[in-house]
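Here the sequence shown is numbered in this note's numbering, starting from 59 and rising by one per residue.
Keep in mind the hints are simulated off the structure, nothing from the lab. Please read all numbers here as calculations on a predicted model, not as lab measurements. Incorrect hints may have been included.
If you anchor each label on the Cβ, the simulated ranges turn out as follows [as the list claims (entries may be wrong)]: (1) C483 x I683: 34 to 44 Å; (2) R581 x A552: 22 to 32 Å; (3) H641 x T586: 21 to 31 Å; (4) M394 x D684: 51 to 61 Å; (5) A505 x I84: 32 to 42 Å.
Note that CB positions come from ideal geometry on N, CA and C, so glycine has one too.
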Amino acid sequence: MQSEFVNAMFEWIAAHPGWMSAAIFITALCESLTIVGVIIPGALIMFTLGAFIGLGHVDFWSAYWWSALGAVAGDAISFWIGRVFHQGVRRVWPFTRHPELIGRSEDFFRKHGGKGVLFGRFFGPVRGTIPTVAGMMDMSWRDFMIANVVSAILWAPAYLVPGMAFGASLEIASRVAGRLVVLILIIAVLLWLTTWLVTHAVRLFQAHATDWLQRFSTWSHGRRLIGPIGASLLDPEKGELRGLATLAVLLLGSVLLLSLSLSAAGHQLPSGLDQSLYHFFQELRTPWADALMVFTAELGDYQVTLPLSVVVFGWLVWRRNGSAAWHWLAALGFGMVTNLLFRWLLPVSSPAEVAAGLQGYSFPSSHATFSTLVFGFLAALIARELPPPRRWIVYLAAAFLIVPIAFARLYLGVHWLTDTLAGLCLGLIWVAVLALAYNHHRQTVLAWRGLLAYSVLALLVMDLLHVTLDYRADLQRYQSRTLLQWQEQAHWWAEGWRELPQRRRDFGGQRRQDFVLQWAGSREELETRLLAAGWQLPPALELKSMLLWLSPQVALHELPVLPQTHAGREDALTLVRYDEDAHLRWVLRFWDVDARLREGERPIWIGSLIRQKLEPRMHLFTFAIDDPLSRAPADLLAPAWQGLQTRVVQGETAAGPRITLIVE
Numbered sequence: 059m060q061s062e063f064v065n066a067m068f069e070w071i072a073a074h075p076g077w078m079s080a081a082i083f084i085t086a087l088c089e090s091l092t093i094v095g096v097i098i099p100g101a102l103i104m105f106t107l108g109a110f111i112g113l114g115h116v117d118f119w120s121a122y123w124w125s126a127l128g129a130v131a132g133d134a135i136s137f138w139i140g141r142v143f144h145q146g147v148r149r150v151w152p153f154t155r156h157p158e159l160i161g162r163s164e165d166f167f168r169k170h171g172g173k174g175v176l177f178g179r180f181f182g183p184v185r186g187t188i189p190t191v192a193g194m195m196d197m198s199w200r201d202f203m204i205a206n207v208v209s210a211i212l213w214a215p216a217y218l219v220p221g222m223a224f225g226a227s228l229e230i231a232s233r234v235a236g237r238l239v240v241l242i243l244i245i246a247v248l249l250w251l252t253t254w255l256v257t258h259a260v261r262l263f264q265a266h267a268t269d270w271l272q273r274f275s276t277w278s279h280g281r282r283l284i285g286p287i288g289a290s291l292l293d294p295e296k297g298e299l300r301g302l303a304t305l306a307v308l309l310l311g312s313v314l315l316l317s318l319s320l321s322a323a324g325h326q327l328p329s330g331l332d333q334s335l336y337h338f339f340q341e342l343r344t345p346w347a348d349a350l351m352v353f354t355a356e357l358g359d360y361q362v363t364l365p366l367s368v369v370v371f372g373w374l375v376w377r378r379n380g381s382a383a384w385h386w387l388a389a390l391g392f393g394m395v396t397n398l399l400f401r402w403l404l405p406v407s408s409p410a411e412v413a414a415g416l417q418g419y420s421f422p423s424s425h426a427t428f429s430t431l432v433f434g435f436l437a438a439l440i441a442r443e444l445p446p447p448r449r450w451i452v453y454l455a456a457a458f459l460i461v462p463i464a465f466a467r468l469y470l471g472v473h474w475l476t477d478t479l480a481g482l483c484l485g486l487i488w489v490a491v492l493a494l495a496y497n498h499h500r501q502t503v504l505a506w507r508g509l510l511a512y513s514v515l516a517l518l519v520m521d522l523l524h525v526t527l528d529y530r531a532d533l534q535r536y537q538s539r540t541l542l543q544w545q546e547q548a549h550w551w552a553e554g555w556r557e558l559p560q561r562r563r564d565f566g567g568q569r570r571q572d573f574v575l576q577w578a579g580s581r582e583e584l585e586t587r588l589l590a591a592g593w594q595l596p597p598a599l600e601l602k603s604m605l606l607w608l609s610p611q612v613a614l615h616e617l618p619v620l621p622q623t624h625a626g627r628e629d630a631l632t633l634v635r636y637d638e639d640a641h642l643r644w645v646l647r648f649w650d651v652d653a654r655l656r657e658g659e660r661p662i663w664i665g666s667l668i669r670q671k672l673e674p675r676m677h678l679f680t681f682a683i684d685d686p687l688s689r690a691p692a693d694l695l696a697p698a699w700q701g702l703q704t705r706v707v708q709g710e711t712a713a714g715p716r717i718t719l720i721v722e
């Protein structure tokens with residue numbers, strides 16, 4: 059149980075959110091100051107703050123921004139101290155007694171340069187002194203602040219999230235463990251395959267590209283059609299506009315012609331493989347994985363990639379890299395033309411639009427194409443300025459953005475596999491063509507460190523802004539959807555109820571507990587009637603309530619109800635009813651299965667009813683355990699249906715439970 063002091067502290071936090079924000083800012087600022095930060099256990103403080111967030115007493119985004127701002131301010135003050143006092147800092151305690159604190163930071167800064175400021179915040183021995191040392195060594199304010207802001211944006215969640223996850227229950231994870239394990243394995247294999255392909259492709263092209271290009275140039279020389287294109291791309295004395303425009307038309311025309319030919323031959327999109335993979339991923343879906351995939355997919359949204367593109371173009375113009383800026387516009391223009399052209403000439407409905415019964419445009423995936431163009435060509439610009447042995451790092455970093463974005467949208471059912479692969483291939487081919495032309499027509503050396511810093515900063519800021527403004531709406535928009543099943547009320551009442559699921563289905567087709575209710579009506583009316591009949595909302599599933607599982611003595615009404623999923627969808631309504639005499643509770647769950655009555659477009663909800671009892675384990679933990687063989691008394695739900703038309707029918711087997719049909 060919570061102590062009176064802790065409860066009083068929680069009440070104070072809730073009543074004074076402004077003071078809490080100020081405390082977070084001051085704590086982060088002091089933790090980053092050159093002298094105070096050496097003493098303050100910053101990691102422990104941020105972990106504790108994360109625990110408060112997990113308990114629901116502090117808002118995550120408020121804590122995130124205030125802690126990041128405090129860290130930026132603290133490091134800026136420390137940098138100013140180093141710039142003003144230089145070697146005089148060594149004569150101040152605690153550096154007079156522990157000169158190695160400055161020495162380690164100096165060695166770290168000499169070894170890593172400006173990157174030392176970016177990564178020093180995460181490296182314990184130099185965390186509190188690296189900004190001051192950067193000032194002592196006369197690092198420019200501009201370079202320092204770029205590294206300072208980026209490191210603070212990354213530092214805040216890195217230290218908050220472990221505290222938020224503290225105490226997470228293994229019992230909850232076991233509910234979706236099967237699907238999570240399969241999904242984790244798929245992601246691990248995908249990332250391994252991406253790493254292998256990128257590293258081997260880079261080595262292959264570095265070893266043979268010059269020879270291949272020389273052979274192509276020799277072969278194409280003198281040929282009327284191919285010769286001018288090759289010369290335009292490979293000859294620095296000739297403009298590349300003609301060659302790029304011709305190749306763009308040929309590339310788009312070839313893909314369009316191939317698509318139309320396959321369509322005329324009867325190979326319609328989506329293919330059987332597309333649909334099978336779509337349904338496979340829908341079976342893998344869990345609320346936790348959905349949250350991660352929506353966050354990942356938002357990295358490729360136009361709210362992020364378009365502002366990032368503008369920042370990159372502006373930086374290139376500002377630094378007078380005209381050739382790079384022109385090629386950057388060519389990359390963006392190709393993506394936009396591709397999207398508009400295929401929307402007009404080859405409409406293909408995406409999975410989400412098929413599920414909603416709408417007609418739309420999906421082939422090729424515009425997100426996959428544009429993400430590949432933006433991140434791929436940005437990597438090509440930066441890699442061109444690096445020594446060949448280090449270029450694979452940049453390309454792999456870009457691939458670790460492009461591939462997860464594409465996979466996340468596949469998982470969420472936004473695109474088919476075919477249009478995702480088509481978008482990736484189109485983008486990769488055009489990036490390769492542009493990189494080839496740029497490398498042979500480059501006019502000036504690109505300051506890649508500045509381009510990388512501004513690009514990363516723009517990506518982080520725009521993604522955080524997009525997540526802050528749109529994450530919840532996107533999470534709702536990407537919920538798993540299927541085709542609506544419409545039924546006449548008379549048909550549903552007579553036989554149509556058999557067409558709806560009668561047992562909860564988990565990943566792999568495993569059938570769990572029976573569905574014993576079918577309610578045709580609004581969720582609000584259903585909840586109102588059940589609450590009036592004595593049912594209650596369960597305790598909220600929060601870290602505070604989950605910690606009660608660690609108590610050997612706890613009342614059943616204090617324990618939260620764990621979520622359950624049917625066909626990848628979490629229960630939409632959960633209510634409980636307690637039997638104090640028998641020390642048990644009944645848990646009633648309802649799911650929306652996308653079935654509707656034509657009369658009034660009323661949704662049909664299916665419900666399960668299970669009995670739970672307390673089960674202590676090792677005199678250390680207490681869980682509410684389902685009784686799969688439980689049978690509810692006949693009068694348990696009857697009061698909620700007074701005045702409504704009901705019918706009790708036998709389920710799919712004679713030995714199975716009966717199903718009650720209710721019409722609002």
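Here is how each hint holds up against the structure:
no.: 1; hint: C483 x I683: 34 to 44 Å; in the structure: violated (51 Å)
no.: 2; hint: R581 x A552: 22 to 32 Å; in the structure: holds (25 Å)
no.: 3; hint: H641 x T586: 21 to 31 Å; in the structure: holds (29 Å)
no.: 4; hint: M394 x D684: 51 to 61 Å; in the structure: holds (53 Å)
no.: 5; hint: A505 x I84: 32 to 42 Å; in the structure: holds (37 Å)
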